[in-house]
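If you read the sequences in order, they're chains A and B. First residue of the first sequence: 33, per the numbering used here; consecutive thereafter. First residue of the second sequence: 7, per the numbering used here; consecutive thereafter.
Wrong hints could be hidden among the right ones.
With beta-carbon atoms standing in for the labels, derived distance ranges [to be verified]:
| id | chain 1 | residue 1 | chain 2 | residue 2 | range |
| --- | --- | --- | --- | --- | --- |
| 1 | B | 123 | A | 61 | 25 to 31 Å |
| 2 | B | 166 | A | 402 | 52 to 58 Å |
| 3 | B | 134 | A | 406 | 38 to 44 Å |
| 4 | B | 7 | A | 406 | 52 to 58 Å |
| 5 | B | 166 | A | 65 | 31 to 37 Å |
| 6 | A | 79 | B | 139 | 42 to 48 Å |
| 7 | A | 311 | B | 166 | 40 to 46 Å |
| 8 | A | 85 | B | 92 | 42 to 48 Å |
| 9 | A | 435 | B | 173 | 52 to 58 Å |
Listed next, the in silico DMTMM-like pairs over lysine to aspartate or glutamate satisfying Cα-Cα at most 20 Å (straight line) [claimed, not checked]:
| id | chain 1 | residue 1 | chain 2 | residue 2 |
| --- | --- | --- | --- | --- |
| 10 | A | 64 | B | 133 |
| 11 | B | 137 | B | 169 |
| 12 | A | 432 | A | 301 |
| 13 | A | 64 | B | 134 |
| 14 | B | 95 | A | 243 |
| 15 | B | 137 | B | 201 |
| 16 | B | 95 | B | 119 |
| 17 | B | 95 | B | 134 |
| 18 | B | 137 | B | 123 |
| 19 | B | 95 | B | 133 |
| 20 | B | 95 | B | 74 |
| 21 | A | 64 | B | 132 |
| 22 | B | 137 | A | 243 |
| 23 | A | 64 | B | 169 |
| 24 | B | 137 | B | 198 |
| 25 | B | 95 | B | 62 |
| 26 | A | 64 | A | 243 |
| 27 | B | 95 | B | 132 |
Treat the hints as calculated values from the structure; they're not laboratory data. Glycine included, C-beta positions come from ideal geometry on N, C-alpha and C.
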Amino acid sequence: MTTDHTASSDLGRWAAVRLVAGREISTRLTSKGFLWTTAALVAAVVLAGVVAGLLGNREPEPQVVGVVGDASAASDQLVATAAAVGVTVETREVEDQAAGEELVESGEVDALVTGTTPTLTVVVQDSVPTALEPVLGSLAQQLALSGAVTDLGGDPAEVAGAVAGATPEVTTLGDAPQVDGAQVIAGYLAGILLFIGLMTAGQLVAQGVVEEKTSRVVELLLATLRPSQLMAGKVLGIGTIGLGQVALVVLAGGGTAWAFGLLSTSTLDLGATAAWALVWFVIGFAMYALLLAALAALVSRQEDVGSVTSPVITLMIVPYIIAISVTPWDPDNPLVTWLSFVPFCAPMIMPVRVALGAVETWEILLAAGLSIALIPLLVWFAGRVYANAVLHSGGRMRLKDALAGSKAS
Amino acid sequence: MASLAFDALTKSYGSVQALRGMTFDVRAGEIFGFVGSNGAGKSTTMRIALGVLAADSGTVTWDGRAVDHAVRRRIGYMPEERGLYPRMKVGEQLVYLARLHGLDGRAARASMEHWTEVLGVAARRDDEVLKLSLGNQQRVQLAAALVHRPDILVLDEPFSGLDPVAVDVMSGVLREQASAGVPVIFSSHQLELVERISDRVGIVRAGEMVAVGGIDELRSTGVRRWVVDGPPPGGWLGSVPGVRRVDGHDADGRVVVEATPGAPDDVDQEVLGAALAVGPVREFAVLRPTLTELYRHVVTADAPEQAGARA
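Produce the complete structure using the sequences and hints provided.
This is how it looks when you write it as structure tokens:
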């Protein structure tokens, strides 16, 4: 082709790309479908945050233990023991055993302590509530110990102090898993959001390429644009709008989590998780979108987009499934670890591992570097295939022909 | 004077030779009608000029300079396969296309407003293209070719599917553009129309230009014919050597006479004399072939195998 381009063009190379990208962006911003999808994603993540907030902030109901008369001296010890094993206990003094038993039967108290000497005696309706079992068991042992110490002439308080202070010396052979609930949820959300975001934006690229072929407007456009400008503008425009969509959802999710104080007890690094999710969206989008643009250019009808792009879609779905089915529960699984470095898998898996706090920064950078290193090759590949195929009409063009640069017809 | 020159273009699709040395030029300020049967290579030629197709060999030049990307941006193009974004509003779409060709936002908008007004689709600016009738889509398509104020117009079948009023509007626009010095090349199968509005015509057959010239020039070359309204031809015509009667061309008792190859230049005088010798002659006129007749003659004459490719 006579593509000897002189510099006398009054519209710069990038100005044309910007115009194309601008059209893509304004088209999406006025597309009801796109706006509704974005609104639905934001609503879903806010709703999930609200539900988690309401469930998470609710204190477990305290166990109410009735204490009869002379046993009331053990009330403080009971509460302290319960707190030590993570159970909230509320004590309630009752006048006598009969009144206490009535309360047990009516369910107002979960258990009734009737005596502490010589042994702890407890009345319950049918069985000791599960939450109270360790509390009462531990209390009974302490009381027995105190009794024995007193019998031997010792000071129960002194012994109790020594006992309380005794802790095992622990040597850890591996890192304890530090996954908490918020991290698992963040991992899921990161995985799902990236998948939906990348899939949506990727499909928009593929459909956009074919739309221009189907409507034949591509011939009009290519009379003034170079194929590379058209493709670059499309990918950049849709990438920008897709990034905006994902960023909006991340902000909404992060904002909700912050508003409900969901993260106060978590080790989740929300800022890093959100930032890396956006970075991985950009990397992933660049890779998938270039491939999708190239493959979509091979066909001329929307019906054929699905079949021609299915290899790339598979390449997105498989790592995604691994990312959300294995990673949250086993972020250091060897398969997950390896795949999180592999280009085309990394964008789906790495953000989940980041959310779970399972990776060092250098690992993320390495994975990102490996993926980014591949992008120039993808640009070359996509540019070539797209340029050779986009004016081809009729049936599906073979990838080999498009890559070889056979004549368009 | 500047001209858009096509020089010895060749192009083949696989084993099909679509263009075989296509050569002609279109001068600034003229309307050039490009005719030929389907698959003869008209669209292929135009697409090569626009750079959406690469020629195997040959060149396209404008004002002596190879048509490169910068020149192409100054071409207004209407592809054979109409193409606009179906879901984009008419006005936005035209502004976008104008800006792609280098107009700034304000100029693009002004130009869009001008052309939608001229072409009668101003009321549809805020409608999506797919909501327009085919005829109106066609008008928008022409506006798309004109909106960036091109220096050259290349229109592939701009009249197909237009109603007579739209045809008049479109012809008027082409004439106006040509008057402003723009070379206009358009293809069409509506030969009467081509004959009416073109300054020059090129007839293409199987990837080659077989006849090119002004309408009158073309019509006065080739076979010489006369119409004679006079005595029945039975007796007198046979006495003139080098002419023969054309069957099926006489109406109302008139006779059409054709010179056979090798007839002397003044054979018309002999025909007239022979007729007058027999009876009164009420009409004797040179019968110029219409473009349609010329076209049939040229296109069917010992045609080599028709190029089967899409033209």
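Which numbered conditions among the earlier hints are violated in the structure presented, ordered from lowest to highest?
Violated: hints 7, 9, 12, 15, 20, 23, 24, 25.
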